[in-house]
Amino acid sequence: MHKGTTFEKLKIASFDFTCCEGCQLQLANRESTLTDFLDLLDIRNFREISSEQHNDYDIALIEGSISRPDEVERLQAIRRQAKTLVAFGTCACFGGVNSLKNRFSLNELAVEVYPGMEVETGLVKKISEVVKVDLSIPGCPVNKEEVERIVVSLVTGSQVTLPKYPVCIECKAQINTCLFDLGEICLGPITRAGCNAVCTTGKTPCLGCRGPAEEINMAAFLELVKERGLSENDLREKLAFYNAFEGLYQP
Amino acid sequence: MLDKRFVIPLQEINREAFASSIPDFNHRSEIMKTDMGYKCTITNIVRLTEQEKLFQLRIIDNRERDIFKFKPGQFLMLELPGYGEVPISISSSNSNHEFIELCIRKAGHVTSALFTVDEGSHVAIRGPFGSSFPMDEMAGHNVLLIAGGLGVAPLRAPLFWINEHRDRFLNVHLLYGVKEPSQLLFTYQFDEWELINHITLHAIVEHPTGEWQGKSGIITELFDDISIDPENTYAVVCGPPVMFKCVCNYLDKLGIPMNRMFVSLERRMHCGMGKCCRCMVGSTFTCVDGPVFNYWSVMNLKEAI
Amino acid sequence: MIYKVISKAEFKRFIDALVRNNSSFGPRQVDSDFRGKALYQFLPVASFDDIALDYTATSSSAKHFFLPFREELSRFIFHDEDWEQQITYDANPIVLIGLRPCDISALNILDDVLLNGHYPSPYYLAKRKNTFVIGMDHLPLPDCFCKSMNHHIVSSGFNLFCSDIGEEYYLSINSSKAFNFLKEFDTRDPLDEENCRLAERRKLISNSFLTEIDVTGLPSILDIEFDSPVWEKWGNKCLNCGTCAMVCPSCYCYSVEESMETNLNGAVRQKKLYSCNLVDFAEVAGGHNFRPKNGDRLKYRYYHQHRGFAENDNQQICVGCNRCGRACLSDINPKNVINDLRMEKESCLTNVLSSPCRR
Amino acid sequence: MKHDFALNIHHLPRVEGHADIKITVRNGKLVDARWAIVETPRFFEIMVKGMSAERVPFLTSRICGICSISHALASIRAIERAMSIEPPAAAEKTRLLAMQGETLQSHALHLFFLVAPDFTGTGSVLPMIHSHPDLVRAGLQLKELGNEISSVTTGRCTHPVSLVVGGVSKAPEKEQLLKLRAMILERKPALDTACSFFQSLAIPDFKRETEFISLFNGSSYPSIGGRLISTDGVNRDENDYLSMTNEYTRDYSTSKFTKLSRESSVAGALARFNNNYLLLHPKAKEMAASFGFQPVCHNPFMNNIAQLVESLHILEDAEELINSLLDMDLRNIKTTYTTKAGSATGAVEAPRGILYHHIETDAAGKVVKANCIIPTTQNNGNIHNDLWAITEQALREGKNDREIEKLCEMLVRSYDPCISCSVH
Ligand SMILES: Cc1cc2nc3c(=O)[nH]c(=O)nc-3n(C[C@H](O)[C@H](O)[C@H](O)COP(=O)(O)OP(=O)(O)OC[C@H]3O[C@@H](n4cnc5c(N)ncnc54)[C@H](O)[C@@H]3O)c2cc1C
Ligand code: SF4
Ligand code: SF4
Ligand code: SF4
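Protein chains in written order, with this note's numbering: chain A, 9 to 259; chain B, 107 to 411; chain C, 53 to 411; chain D, 69 to 492.
Among the hints, a few may not be true.
Below, a list of computed lysine-lysine pairs in the DSSO-like style, where the Cα atoms sit at most 27 Å apart [claimed, not checked]:
id: 1; chain 1: A; residue 1: LYS91; chain 2: B; residue 2: LYS212
id: 2; chain 1: C; residue 1: LYS289; chain 2: C; residue 2: LYS324
id: 3; chain 1: C; residue 1: LYS64; chain 2: D; residue 2: LYS242
id: 4; chain 1: A; residue 1: LYS11; chain 2: B; residue 2: LYS212
id: 5; chain 1: C; residue 1: LYS345; chain 2: A; residue 2: LYS172
These stretches of chain A come out as covered by chain D in the derived footprint (C-beta under 8 Å, 3 or more residues) [said to hold, decoys possible]:
id: 6; region: 57-65
id: 7; region: 124-130
id: 8; region: 209-220
Calculated directly from the structure, the hints in this document are not laboratory data. Note that the coordinates shown come from a computational prediction; the quantities given were computed from them, not determined experimentally. Just so you know, even glycine gets a beta-carbon here, dropped at the ideal spot from N, CA and C.
Could you build the full structure based on these sequences and the hints that come with them?
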C-alpha cells in the first residue's frame with residue numbers, strides 16, 4: 009500500500025462464556041466480504057467453527073458474561089495470554105440480558121429450573137468486572153460491518169473508534185418515524201450509535217444494547233418521558249433490559 | 107416502455123467543465139483543488155523529535171507543481187489514502203517551487219499512520235487554503251515571531267520569507283518556548299537563522315533537563331531580554347490556545363496595536379473550504395477567514411482563544 | 053418565468069406522465085402519530101395517486117436528495133506501493149414533487165453556500181442540476197413561521213411551481229424543460245380572474261400564519277447575548293442527538309470518514325451529515341473540546357441558523373419550517389429560544405433599573 | 069484392537085455451545101458412553117418473570133444466536149394464544165417466510181461450516197476455501213440467502229427486530245421482496261453443487277430404531293404451530309407439550325432430557341422428514357430419492373441429508389410465500405390488543421426441531437410463569453443412546469480409537485445440537 013507499511017494477520021481467538029453465541033455467529037455472516045474478512049485473520053482458536061485449537065493468540069474476543077467460578081478461571085487464563093482482550097457484544101460489555109437474572113435469588117432460580125439437582129450459578133458479571141478489557145465492541149448482536157471496520161483498523165494500525173453520538177442521528181438518516189411520535193419510549197437518544205438504528209428502522213424501540221452514548225443527558229431524557237406521560241414501568245424495563253445503563257439512573 | 111418525451115435527460119457534470127461552469131470561481135481552480143488532490147511523493151522524512159517529523163513533499167505532475175503557489179501562513183489538506191485527511195500548515199518557503207515541507211506531530215489517527223510510511227510513498231494534497239501573514243505590510247518594521255511548541259511550524263514560512271527579503275525588515279526576533287529541551291524543533295537551523303539571516307533567537311524551556319544551558323521559564327519571560335518599539339513592531343504568535351491570551355495581553359500592554367498582532371488558530375477541520383463548518387468560531391471560519399487573524403478580530407470573536 | 057393555468061384533471065395527466073417516466077419522489081403518508089395526526093415523508097412514487105397532494109409537511113426535509121446523509125467523496129484504489137484516486141459525481145435524474153416554498157428557499161440558500169461561494173461543490177451541483185423540482189404552496193401549519201423568515205413565497209429555485217386556485221392549478225414555469233414537457237398538455241394563459249385568484253390565494257396563505265418570530269436585528273442580538281443564561285437553560289434540555297440538524301432543510305455541516313475496504317485493496321472517503329449538537333463536533337486530536345457544554349453547542353446551531361456565516365453573506369439560513377421544533381424530543385424550537393433571547397435582552401433594562409434581586 | 073480406551077472430548081468443537089463426550093471401554097467392553105452438557109445455564113424462564121409480554125420475544129430470542137427467530141415466534145405464538153390475539157394474514161405470511169430464512173441459514177451453517185470439514189478431513193471450513201472453492205461459495209450463497217430472507221422479514225438476521233406480539237412491526241417492502249425472489253432464483257444452482265458434494269460422500273452406515281417427533285398440520289410442511297405427532301402414533305394438541313416431553317434431569321448435564329413412548333426420541337429435520345414426507349415440495353422429494361432417502365429412516369447421519377432436502381423445499385416454498393405476500397396489502401400487519409390473563413403453548417419447528425414456549429400472563433400482561441423446551445433437549449437422550457450403540461458397533465467392527473473418536477464426534481454433530489439454546 010504505502011511504502012513502509014506492512015500488514016500482518018491478526019492472531020485471533022474467540023471464546024464464548026454465558027451467552028447465546030449470536031455475536032460469534034456474526035463473524036461468519038456478511039457473506040459477501042467473508043473471505044476477505046477471514047483473510048485478515050489468523051484464527052488460532054475458535055471452537056464454534058474449528059477443531060484446530062492453538063494457544064498462541066494476540067487478540068481474544070470474549071463473548072458472553074460471567075456467571076460461574078470456572079468461567080472466571082478460564083477468562084483469567086485467556087487474559088494472561090492475550091495482548092488485546094476484546095469484550096465482544098453486549099453480554100461481555102455490560103452483562104446483557106443475562107443480568108436480568110440478578111433480580112432473583114440464586115437459590116430460587118436453581119430450585120425452580122432444576123428441581124432436585126445441584127446447579128452451580130452465580131451473579132452475572134460483565135467482563136470488565138473480572139479482567140481488564142482493552143476494547144469494547146457492543147451490540148446484541150454486534151454489527152458485523154462495524155466489526156469488519158474495527159478488524160481492518162487493527163490490521164492497518166489505525167485507531168479504533170466508536171461513534172460518540174446517539175442512535176437518533178442514524179435513525180433520522182433512515183427517515184424513520186420517531187417512535188416517540190407513535191407513543192412509545194425509545195432509548196435511541198441516550199444510546200451509542202453504530203448499529204445503523206436497526207431496531208427503530210424495524211419500528212421497534214431501541215433498548216440500548218450498545219450502551220450509553222458519550223456524555224448523555226439522562227436528566228433531560230427522564231424528563232421527556234415524564235412530560236409525555238409515558239409509562240415509568242416501561243422505561244424501567246427498557247433501561248434494565250441489557251443492564252447497559254447501570255448506575256446512570258435510579259431504578 | 108418509457109415515453110421519451112417525458113424523460114428528464116441526464117446532465118453530467120464533467121470535472122474539467124465544472125470549474126469553468128461556475129462564474130464566480132475566482133479563477134482559483136487554477137491553483138487549488140476542491141475535491142481531487144495533487145499527488146505528491148514524500149521525498150524526504152526527517153525525524154525532529156519523538157513526536158514530530160518533517161516531511162518533504164514533491165508534487166509529481168510538472169504542470170500542477172508549477173501552479174501550486176501559496177503564501178506564508180496558509181495550510182493545505184494532506185491526504186494519506188486509506189487513513190484520511192488532515193489540515194497542516196505549510197512549513198517551507200513559498201519561493202521554493204520544487205518541494206513543500208510539512209512539520210507534523212503525531213497526534214491521532216492520520217498523523218500516527220503518516221509516521222509509519224517511508225520515503226517514496228505517495229500522498230495527496232488539496233489547497234492551499236486560508237489566510238496568510240501580511241508579509242508586505244510587515245516589511246519595513248521590526249518583527250517578533252513568537253512560537254510555542256509546534257507553533258514554530260507555521261512560523262517557518264514567514265521566517266523563510268523574511269530571510270529571503272531580509273533587507274526589507276528591521277530587527278527580527280524569534281521567541282520560542284517549549285516544555286522540555288528535547289521538544290525544540292529545527293535546532294539544526296538555529297545557527298543559520300542567527301548567523302546568516304541575522305534573526306535574534308531566544309529559546310526558553312519550561313522544565314530544563316540534562317544539558318540545557320539556556321533560559322528556563324514560560325515564554326513571556328523572554329520579553330525581558332528584548333526591547334520592543336511598540337510604534338514600529340509587528341508580532342506573529344503561534345502556539346497552543348493558552349499561550350495566545352497571555353502573550354497578546356502582554357504585547358497589548360506594551361502598546362502594540364491589536365491589528366499588528368497576528369495569531370494562527372487551530373480548529374477541527376474536514377474540508378478546508380468553509381463547508382463542513384467544523385472549524386467555525388462564532389460566525390467565522392478558521393479555514394477560510396483564518397487561520398491567520400489579526401488579534402483585534404479574534405479578540406472580538408467569542409470563544410476564539 | 054412563464055405563467056400558465058392547467059385544469060386539475062390535466063395536471064394529473066401531466067404528473068402521471070412525469071412520474072411514470074422518471075424516478076420520482078413525493079409526499080406520502082407513512083404513519084399516524086399517537087394523536088391520530090398523519091405523518092408524511094418524501095418517498096418514491098409511481099403514479100399520481102401515490103402522492104398525498106394535500107399533505108401538510110414532511111417530517112424530514114428533502115435535503116437528502118441533494119446532500120445525502122452519507123455520500124462517497126472519492127475512492128482510492130491501491131496497487132503495489134501506489135494508489136489512484138477516483139471521483140464521480142453520481143447523480144441520476146429525479147423528479148421531486150410537492151416541495152413547499154420554504155423547502156425551495158432552503159435549496160436556494162444551499163445553492164448560495166455550496167455553489168456560489170469560494171469553492172463550489174460539484175457533488176451538490178450534479179444532484180441539483182439533475183433534479184426536476186415541482187413546488188406547491190400550502191396553508192401553513194399552526195407552528196410554521198416561514199413568513200417571519202420571509203420564505204413563505206419563493207420565486208426561483210424550482211422548475212415548476214403550482215398554486216391551487218380552485219378548479220385549476222396556477223403554474224409558474226421556471227425552466228425550459230418544464231415548459232417543453234407542458235407543451236404536450238392542455239394549458240392556457242391565465243385570465244385576469246385567475247391572476248386575482250392567485251393573489252387571493254397568496255393573501256390567504258399569508259394571513260394564515262399563527263406563529264410569528266421577531267427576527268429583526270437578530271444577528272446583533274445573538275452577538276450580544278453570547279453569554280446569556282438562555283443558552284444554558286435550553287442546553288440543559290438538549291439531548292445532543294442531532295435530530296434537529298438531520299431534519300432541517302438547510303443544515304449542511306458534515307464530517308468526513310475514510311475507511312479501508314475489507315480486502316485492503318481500496319479505500320473510500322465518505323461525507324456524513326453531522327450536527328453541531330453532537331458531542332464531538334468541535335473536538336480535536338488529543339481530546340480538547342472547543343465546545344464542551346450542551347449549551348455551547350446548541351448556541352452554535354442558532355448562531356449558524358439565525359446569524360449566518362461569511363460564506364453565505366451572513367444571511368440567516370433558517371427558513372422557518374419548524375421541522376426541528378417538531379422533531380425535537382425536548383421541545384426546543386426556534387420560536388421559544390429566540391423569544392427567550394429577546395426577553396432576556398428586553399428584561400435587562402428592567403432588571404438593572406428596578407429589580408433589586410437581579411441574579 | 070485395544071482393550072482399554074477412554075475417550076474424553078472436552079468442549080466438542082464445531083457445535084454451538086459447550087459439551088463433552090466421554091467414552092470408557094474396559095477389556096474391549098463399553099462401560100460408559102456419555103453426552104455431557106456443561107454449558108452455563110442462564111435461567112431465561114426466570115428472567116421473563118414480571119416482564120411485559122410485548123417485550124418477551126425480544127428477550128427469548130436471545131436464548132439462541134442461531135435460531136433467534138424461532139424463539140421469538142414461539143413466545144409470540146404462546147402469548148397470542150394466551151391472550152386470544154389474531155395476527156393479520158400478511159403478518160402470518162411474513163413470519164412463515166422469516167422461519168424459512170432462519171432454517172436455510174442454520175442448515176447452511178451446519179452443513180457447510182460444521183459438517184463438511186468432517187468429510188474433507190479438514191479441521192474447519194477455512195482450508196476448504198482453497199481446497200473446495202465451489203462448495204464453499206455455494207454454502208456462502210445459501211447462507212447469505214437465508215440471512216437475507218431473515219433481514220427482509222425481521223429487520224436483521226440475528227435477533228429479529230420486527231417480530232412482535234400482534235403481528236409484525238414493519239412489513240417487508242415490495243421492492244425488497246422482488247429482489248429476494250430474484251436472489252432465490254439465482255441461487256438455486258448452489259443447492260445442486262451442495263447436492264452433488266453430499267452424494268459423493270460415504271455417509272456412515274448406522275441405524276438405531278427410535279421415535280421421531282414433529283409438528284403436523286396436514287396441509288403444509290410444518291413450521292409454526294400444529295399438532296404434535298410421532299412415528300409411534302402419538303398425536304396430541306399443541307398445549308399438551310408436557311406430556312410430549314416428560315423432562316427429566318441428569319446430574320452430569322445442565323441440559324435436561326425428554327422422552328415419549330420409548331427411552332428417547334428425536335426432533336429435527338429428520339423427524340420432520342419422516343413425519344411429513346408427503347408435504348414436501350415435489351422437487352425436494354426428487355432430491356431425497358436421488359439419495360435413496362425415504363421415510364422412515366433411522367440413520368441419524370441422514371439428518372444432514374434431510375437438512376439438504378429441506379433447504380430445497382425452502383427455496384421453492386419461500387418463492388411461493390413471496391408471491392403471495394406481493395399480492396397482499398402489506399399495510400395491515402399488526403393488530404392492536406388488550407392484555408389479559410391466560411396461558412398457552414407456542415410450538416414452532418425451529419431448524420433443529422420442535423421448540424415449545426409455554427407462557428402464563430396476568431391481566432396486566434406480565435409474565436407469571438414460563439417454560440421453554442428446546443429441540444436439543446429433546447435429542448439429548450437419543451444422542452446419548454446412539455453414542456452407546458455406535459461405539460459398540462465400532463468395537464464389533466474392530467475400529468481403532470481414533471476412528472471411534474471421529475465417528476462419535478460426527479454422530480453428535482449430525483444432530484446439529486444447539487447447546488447454549490438447550491441450557492437456556
Ligand atoms: C490550520 C491548521 C494547521 C495545522 N498545522 C499543523 C501542522 O503544521 N503540524 C501538525 O502537526 N499539526 C497541524 N495541525 C493540527 C492537525 O491538523 C491535527 O493534529 C490533525 O488533524 C490530527 O489528525 P489525526 O487524524 O491524527 O487525529 P484524530 O484525533 O484521529 O482526528 C480525527 C480527525 O479530526 C480532525 N482533527 C482532529 N484534530 C484536529 C485539529 N487539531 N485540527 C484540525 N482538524 C483536526 C481531522 O479531520 C482528523 O482527521 C493544524 C491544524 C489546523 C487547523
Ligand atoms: S425513534 Fe428513537 S432513535 Fe429514532 S429519532 Fe426517535 S428517539 Fe431517536
Ligand atoms: S437500535 Fe438500540 S437496541 Fe437496536 S441495535 Fe441499535 S443500539 Fe441496539
Ligand atoms: S432551523 Fe428548524 S425551522 Fe429553521 S429551517 Fe432548519 S428545521 Fe426549519
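How the hints compare with the structure:
1. A:LYS91 / B:LYS212: 23 Å, holds
2. C:LYS289 / C:LYS324: Answer holds: LYS289 of chain C to LYS324 of chain C is near 25 Å, not above 27 Å.
3. C:LYS64 / D:LYS242: Measuring from Cα to Cα gives roughly 25 Å; hence the hint holds.
4. A:LYS11 / B:LYS212: At roughly 18 Å apart (the allowed maximum being 27 Å), LYS212 of chain B and LYS11 of chain A satisfy the hint.
5. C:LYS345 / A:LYS172: 15 Å, holds
6. 57-65: holds (count 5)
7. 124-130: With 5 residues in contact (Cβ-Cβ under 8 Å with chain D), the coverage given for the region 124-130 of chain A holds.
8. 209-220: holds (count 5)
No hint from the list above goes unmet by this structure.
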